[in-house]
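Since the structure of chain A is already known, use the hints to place chain B on it.
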Amino acid sequence: MTETASVALTASVSPLAIEAVGVVKTFPGVLANDHVDFDVRPGEIHALLGENGAGKSTLMNVLAGLYRPDEGGVRVGGEDVAFRSPRDAIAAGIGMVHQHFALVPSQTVTENVLLGLDRPRFRLDLRRSEAEVGRLARDVGLRVDPRARIWQLSVGEQQRVEIIKLLFHGARVLILDEPTAVLAPQETAELFATLRSMVGAGRSVVFISHKLGEVLAIADRITVMRAGRVTAAGIDPKTVTRADLARLMVGRSVLERLKRTAVEPGRVVLSVDDVTADNDRGLPALHGASLQVHAGEIVGVAAVAGNGQSELAQVITGMRTCAGRVTIDGRDVAARPARESIEAGVGHVPEDRAGVGSAPNLSLVDNLIMRAFRHPPLARGPLLDDGAARHKATELQRAFAIAAPTIDAPVRILSGGNLQRLILAREIDSAPKLLVAVQPTRGLDIGAIEGVHQLLLDLRARGTAILLISEELDELLALADRILVMYEGRVSASFDTPTGADIATIGLHMTGGEA
Amino acid sequence: MIVRLEPRGEPPVWLSPLLTVIALIVALAIGAVVLGFVGGDPVRAYLHILDAAFGDIGVLSDTLVKATPLILTGLACALAFRMRLWNIGAEGQFLLGAWGASAVVLFPLVPDGAPAIVVIPAMMVGGALAGALWGVIPGVLRARLGVNEIITTLMLNYVALAWIQFWVFGPWSEGGFQQTATFPKEAWLPRLTDFGKQVPAFGGLTTHLGLVFALIAAAVLAVVVSRTRWGYEMRLIGDNARAARYAGVDIAKYVIVVFAISGALAGLAGMSEVSGVVHRLQDRISPGYGFTAIIIAYLARFGPWRVVFASVLFGALILAGREIQPSGVPAMIQGVILFCLIAAEALVRYRIVIGRRAATSVPT
Chain A
3 MTETASVALT
13 ASVSPLAIEA
23 VGVVKTFPGV
33 LANDHVDFDV
43 RPGEIHALLG
53 ENGAGKSTLM
63 NVLAGLYRPD
73 EGGVRVGGED
83 VAFRSPRDAI
93 AAGIGMVHQH
103 FALVPSQTVT
113 ENVLLGLDRP
123 RFRLDLRRSE
133 AEVGRLARDV
143 GLRVDPRARI
153 WQLSVGEQQR
163 VEIIKLLFHG
173 ARVLILDEPT
183 AVLAPQETAE
193 LFATLRSMVG
203 AGRSVVFISH
213 KLGEVLAIAD
223 RITVMRAGRV
233 TAAGIDPKTV
243 TRADLARLMV
253 GRSVLERLKR
263 TAVEPGRVVL
273 SVDDVTADND
283 RGLPALHGAS
293 LQVHAGEIVG
303 VAAVAGNGQS
313 ELAQVITGMR
323 TCAGRVTIDG
333 RDVAARPARE
343 SIEAGVGHVP
353 EDRAGVGSAP
363 NLSLVDNLIM
373 RAFRHPPLAR
383 GPLLDDGAAR
393 HKATELQRAF
403 AIAAPTIDAP
413 VRILSGGNLQ
423 RLILAREIDS
433 APKLLVAVQP
443 TRGLDIGAIE
453 GVHQLLLDLR
463 ARGTAILLIS
473 EELDELLALA
483 DRILVMYEGR
493 VSASFDTPTG
503 ADIATIGLHM
513 TGGEA
Chain B
18 MIVRLEPRGE
28 PPVWLSPLLT
38 VIALIVALAI
48 GAVVLGFVGG
58 DPVRAYLHIL
68 DAAFGDIGVL
78 SDTLVKATPL
88 ILTGLACALA
98 FRMRLWNIGA
108 EGQFLLGAWG
118 ASAVVLFPLV
128 PDGAPAIVVI
138 PAMMVGGALA
148 GALWGVIPGV
158 LRARLGVNEI
168 ITTLMLNYVA
178 LAWIQFWVFG
188 PWSEGGFQQT
198 ATFPKEAWLP
208 RLTDFGKQVP
218 AFGGLTTHLG
228 LVFALIAAAV
238 LAVVVSRTRW
248 GYEMRLIGDN
258 ARAARYAGVD
268 IAKYVIVVFA
278 ISGALAGLAG
288 MSEVSGVVHR
298 LQDRISPGYG
308 FTAIIIAYLA
318 RFGPWRVVFA
328 SVLFGALILA
338 GREIQPSGVP
348 AMIQGVILFC
358 LIAAEALVRY
368 RIVIGRRAAT
378 SVPT
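Quick mapping for you: the protein sequence lines, in order, are chains A and B.
Those letters in the first sequence? Residues 3 to 517, per the working numbering, in order.
Those letters in the second sequence? Residues 18 to 381, per the working numbering, in order.
Everything labelled a hint here was simulated from the structure, so no lab data went into it.
Just so it is clear, the structure is predicted and the values come from calculations on it, not from any experiment.
Mixed in with the good hints, there may be bad ones.
Listed below are the simulated EDC-like cross-link pairs for lysine to aspartate or glutamate, each with C-alpha atoms no more than 20 Å apart in a straight line [unchecked claim]:
(1) Lys270/B x Glu345/A
(2) Lys213/A x Asp483/A
(3) Lys261/A x Asp483/A
(4) Lys261/A x Asp410/A
(5) Lys270/B x Asp483/A
(6) Lys213/A x Glu266/A
From the structure, some residues in chain A lie toward chain B, with a derived Cβ separation under 7 Å [unchecked claim]:
(7) Leu260
(8) Ala340
(9) Ile344
(10) Gly357
All C-beta atoms, glycine included, are put in the ideal place defined by N, C-alpha and C.
So here's chain A without its partners, still in its complex pose (with noise of 0.2 Å):
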């Protein structure tokens, strides 16, 4: 490739665009990063990836002035830099993309945009601004509408308004904090195209990720950390493989090996037959969705986010009000509070796992009963036996290797992994007939998706109904006997895995394309 030929020629020259000299962060009883260094030269894709909690978002949330360093510091174009806010950073040309999206939902684009600068100094020609924003959004292939309110965007797009924002305000290093997280594969290759074009106009991006393909695919030089540490810097994606990155990453050799045993499927247990709901904004979110789960079976739904995925799981486990006939063994549960879905059966794993799926200042034995506390023995009449309740809490621990000082620790000090092991632990335990698991995975690491792949096949080989929803592809293939793909509150398409599906295929179908 000439371009990355081209690129260590200037680098050899122009000073880097941006570095990192030996960082040390610390939180209490943390050590995020343990003298790091990393660089990145202007006109390249530098991809850093990493386990969550390895350290990626700390590194760069002091390169983007968020954090301050206890030790080591930040050079800008060869000048050592001591930021004290993201102000700062973005006065020196570097901007940060993070996960969850820092926009005004009820304001237009072009407000958001301008939100935070300095002009216009006092009268807001809002006319003049859209069209510069049109412009800027233009030259570098992000397609979105200047007028529009962020509330109406998806995210992918919100994502691009993040990104023209940061742009705006003359941003040279543009640093994008699992970027793909939220996209589908068609949204994912756009997205790629804009960065190359960024890239190719001599601005830099640092690409977060722990998808190793998408690594691969698109970045110059990887960066791989692991336990504050970088485990290999600026390598080269063409002289690597994915196995070798996987084992930089997590410091072992990981391939994923499912015990999966062939299980006829039983009894239908879920029916839903023509459910429409509104969001939470009141829009239409489900029109008409019709799917059946049953015993022993899988069933993924692969969806772009917000075309009604998320609502359909809300609907089943009775946390949104919906028109149509939602029935768990013949019970029907449609537009009953949660209780009902509960005692019919139906186990849940929220999408949202520290805002739904627990409280957080409560202890670990508080959330690990949220199911079992209604009946005995932890229920002695009005009475919960705290005996009980905190034998249980010890046996599930134990049984799922959650990570904790004690039980009696609040859950908010748990890692991603170890909470979403608590949650699948209370929800296995309640032996449900149908689960229903949310984004089980999302922001995961490796081992801890690979433990969480075998729970739910060793509760499909006990018969339970699984309805899965995913944004990873892959994940879907792995686990589900039947693809659904929705797409717009409907069901658009099914696939029989392992035979009749296939990323390209069902891609097309998530975006409307043979809708």
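Positioned in the frame of chain A, the structure of chain B alone reads:
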């Protein structure tokens, strides 16, 4: 040089109580500075408060009398606050409770000349029901329509006061004064002094049966919040309402029920005050017990037994503070205590870092 707040990791369990004690000490110190500034001798003032509140059995009894309505209203607030229901209407619920208990005597809702064993329980029911009603109104509005309970409970305080004034100036006025006639003896809660003949040591002590109600209420609540499924479900709602809904908890039902119980407790405080202390209804029946209760609930960090201790402390402050100055100093100290407590709350989660860490120069 700058001062920054940095998030702590996991705060140790002893930190929160320690900060509460420190906040109290700081508040008293600030109060001392103000006292000194206006020419008083803070040490003497505080010693005087101590002596006037706990100095002998007589004043201790008076302190407990002041603490009784504070315990009940404090429990009312603490219970609601646990679920993050900001019931700041304990004052109004207290007034309605006082009215409900008075109504039993004055309408009368029990036959004239009924014995105390009938009248007192009827007054308790009347007071608790009226208070509960006053709590259920904002509870239903919040649960069904999402109306902010801070606004409704605050506003209902004024409605309650106007309601009381209407009755004591109008239908129940005794000879044109803004108070009712004194209740018959059967409507008086028994006091220690009533047993002065049998136990001479009780002579002159005004502590009344309301204190026992308050302690029973604290004991019951302590069991409910820590040992029952209801307490567990309330804990879930208080920490994360979405998780509670996910766990199948009927949040709307809890909001209404908790508001009803909270109102009933404050109403019972009103009953205990008219029946145990004043023996009539008057428009200035409360010196702001329902508002002091908010501070008490915070100071106690919503723990029922801690509410009892905090109430005794505030009872002493109200009682003895009057000896220094009728209203200014005790009210000032109460306010400063609340501010210090709120400031301390932040310190549980954050540590103060003074001085900027110099940007480390890059080693060359």
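*Identify every previously stated hint that the structure contradicts and give their numbers, smallest first.*
2, 4, 5, 6, 7
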